[in-house]
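Please build the complex by placing chain B on the supplied structure of chain A, with the hints as guidance.
Chains as they are written, first to last, in my numbering: chain A, 1 to 278; chain B, 1 to 291.
Read the hints as simulated data drawn from the structure, not as lab findings.
Don't take every hint at face value.
[What the hints assert, rightly or not] Once the Cα atoms are required to be at most 20 Å apart in a straight line, the calculated EDC-like pairs of lysine to aspartate or glutamate come out as:
no.: 1; chain 1: A; residue 1: K30; chain 2: B; residue 2: E279
no.: 2; chain 1: A; residue 1: K17; chain 2: A; residue 2: E169
no.: 3; chain 1: B; residue 1: K93; chain 2: A; residue 2: E169
no.: 4; chain 1: A; residue 1: K86; chain 2: B; residue 2: D135
no.: 5; chain 1: A; residue 1: K272; chain 2: B; residue 2: E288
no.: 6; chain 1: B; residue 1: K140; chain 2: B; residue 2: D260
[As the list claims (entries may be wrong)] Partial selection, computed: residues in chain B whose CB lies under 10 Å from chain A:
no.: 7; residue: F69
no.: 8; residue: V85
no.: 9; residue: G87
no.: 10; residue: K91
no.: 11; residue: L95
no.: 12; residue: Y96
no.: 13; residue: I100
no.: 14; residue: I101
no.: 15; residue: Y125
no.: 16; residue: K286
no.: 17; residue: G287
no.: 18; residue: L290
no.: 19; residue: P291
Keep in mind the model is a prediction, meaning the values are calculated, not measured.
Here a beta-carbon is modelled for each residue, glycine too, at the ideal position from N, C-alpha and C.
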Amino acid sequence: MSHPDADLHPVATGLAKTTVDEHASEQPLKLFAGWFCPFVQRVWITLEEKRIPYQYVEINPYRKGPELLRANPRGLVPTLLVAPGKALYESTVLCEYLEDHYPDCAPRILPEIGKDDYARAKARIWTDYVTSRVVPAYYRLLQFQPSRHADGEKRIEELRRELRGNLLEFAREMDPRGPFFLGPDLGLVDIVIVPWAVRLWVFEEFKGGLHIPEPGQGGSDEETWARWRKWLEAVSSRESVDKTTSDFRHYLPIYKRYADDVAQSELAKATKAGRGVP
Amino acid sequence: MASVDTTELPAHTTGLAAQLAGAHAAEHPLKLYGGWFCPFVQRSWMVLQEKRIPYQYVEVNPYSKAPEFLALNPRGLVPTLGVPVDGQKGKKKPLYESAIICAYLDEEYGDEDRYGPGLLPEDAYDRARCRLWIDHVGNKIIPGFYRFIQHTPEKEYSIEEARSNFLGHIKTLVTEMLENESGGEGGGPWFLGERFSLVDIMLAPWAKRLFLIDHYKPGGLGIPAAGQAGGDEEEKIWARWRKWFDAITSRQSVKDTWSDDEQYIVAYRRYAEDKTQSEVAKATRKGERLP
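Next comes chain B alone, as it looks inside the complex:
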């Protein structure tokens, strides 16, 4: 197996995430195996926090995985949720795929009196619409993020193409938000409007990581400032985006699962130079679906 130089990669959570990890270090039957910098892990971690579900957080070095972890999930990816087996103390069964872990936690811990409001609407159509846009986040926006951040001058596509592709998928999402609101300034801030949901959680980690594109990529992210969008329609879209962006980046569960900004800058340099050997990066280089 190719060895990766991880000497520069910070080994654990810092900042508020370190406090949270410390508060969840004690043994608990429900375990979240995570990597502090991994956005897919952050989704699952946010759901645990939003619903105040008790759990133990276990840091995994994705380039040097403990045998106990690999025994639970041979695919070796984070996040992995270790779910206790009823009546068999100490035994765990695994779940993986961040979107599936999030949906599972929302359903398993569905008692609203204990765990707060559900993260998906009750109505079947509204739920399906949310799933559709979760799909858009996962299959369009997120791959677009990696194509953008991993762009180098050697690529066969230009950075302008990566940027407009990425921003285009964001605009599609925001347009859907606007179309489902009655209009005016009152809409939002969340995807569903006043109701926070899994759709917001699915995109939140990448919203927090957008600053890395500004940091690393020539021309930066390219989202126009207020009054600079060049058209009424565009102004509306980006104003609505800013409303969502401001709300999600101030959400407590997002802040609590975030390490220090500087650590992400170090960790994502490999992505920016397209040298990282993570499964996500490899899939992006090959143009394949994310693992």
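In isolation and in its complexed conformation, chain A is listed as follows:
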């Protein structure tokens, strides 16, 4: 039976299509990916930043082939096949693996072991923060249906405040000059949040906005929001982010399903059940 979400556009488009085409040929390292998936984008950005050779394999997450399920019984993307029979998954684990396994492929995305282990641990704390706080708050707001609740408008306002609060807390921890989280160079903390940072348009489109204050309207958080904007500008204009982004119009129907709370992804189901990222 055809899954309702199986009608999504089947392949990458725009700049991402060029990247996919450049990585179509057989390579020992294979990325099983969904072109629209923000978790995939984390790993994809890392591969592009480090210019690691890889083969991109498009997977329709609702029509998973046997190759993916053999590699990852959980059947989720991203999955990385590093050698026959040797698969890895969990997007953050994959980013760290690429960092460890290709030490000569600059840039480094984490402070090196033995050089500044405290900074390395701090980076991991804030990487963890993104997945455990920011991402679930993003989907809780996106999937919320005000019409289903008597106090729907009040609740959606709380959800907006929660997500803004998470972004503020994140921005407060940034290196003051930046522009990236840890300083002048892009790192893992930036990579794990950027796919959602560049998907904040969904709230303008579907949820009446996120209401991040305009410059000059930030009150006591003015400086922090200014820092956020500086960071967002830097990550949005990063080439690796552009090269892994498809045409905007193809994202719309996918995110509309989340906005109407009819998406059937594992993530959507987990959000409905009040659980975190699967």
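The following block gives chain B in isolation, referenced to the frame of chain A:
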């Protein structure tokens, strides 16, 4: 803030853990802020012991936190590691999240001549595989433990469901162990086989606390005894589990960071009756990711 009746909650370490805490009571720049009964603290404490890292242990009452502690970590959770700042005597910077503290200690104290073998393999793939299964322990097994122990008849899920969900996640882990061994009785005892690692440490505190489920929950833990598993595959899985379980519960760092069994029974009654207001319990009730 809701006040919690902590009059019954034992206030400090007992048994071997009390001896260890006493041996690490003296001032030291590296400080572990912990709660004696907290399994997340036990992970970090075990790493300090395994690697023979010098430290000071500071007991924190999670329901009445000292201002000095909150100044270091405003989130106020244990474990928190107070890491000395180079060249600034007395100044500390905080780390939290038990898995991150453990990884930090393993990396910072990486000199194998002084601190013994690393707790993760050297090879990038093997390391990533360990991280993957650490993730499984933290996101599947441990939440399953709390859903199980906090089950009450009022819940919308049955205890059978909680039990089979929990045991299922354990079986998944053990299956991964078996698949990476050459077979026969020789495999193990650790996750990686002969090599003890962070994966074992991540799960150890909950292995020690399984007896609480037998104590408090009708039907108990439900792990079949030898010969009772009802199938060759199941027998193999549970035999391998017992091998790991026996090894981890006899590990010195596990024993040394353990207080008296009776104290845990008192401390976990609140979980068993689903009355505790710990952050972990609240998150479990809401079905949220653990804090």
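Review point. What are the numbers of the hints that this structure violates, sorted from low to high?
Key: 1, 2, 6, 7, 9, 10
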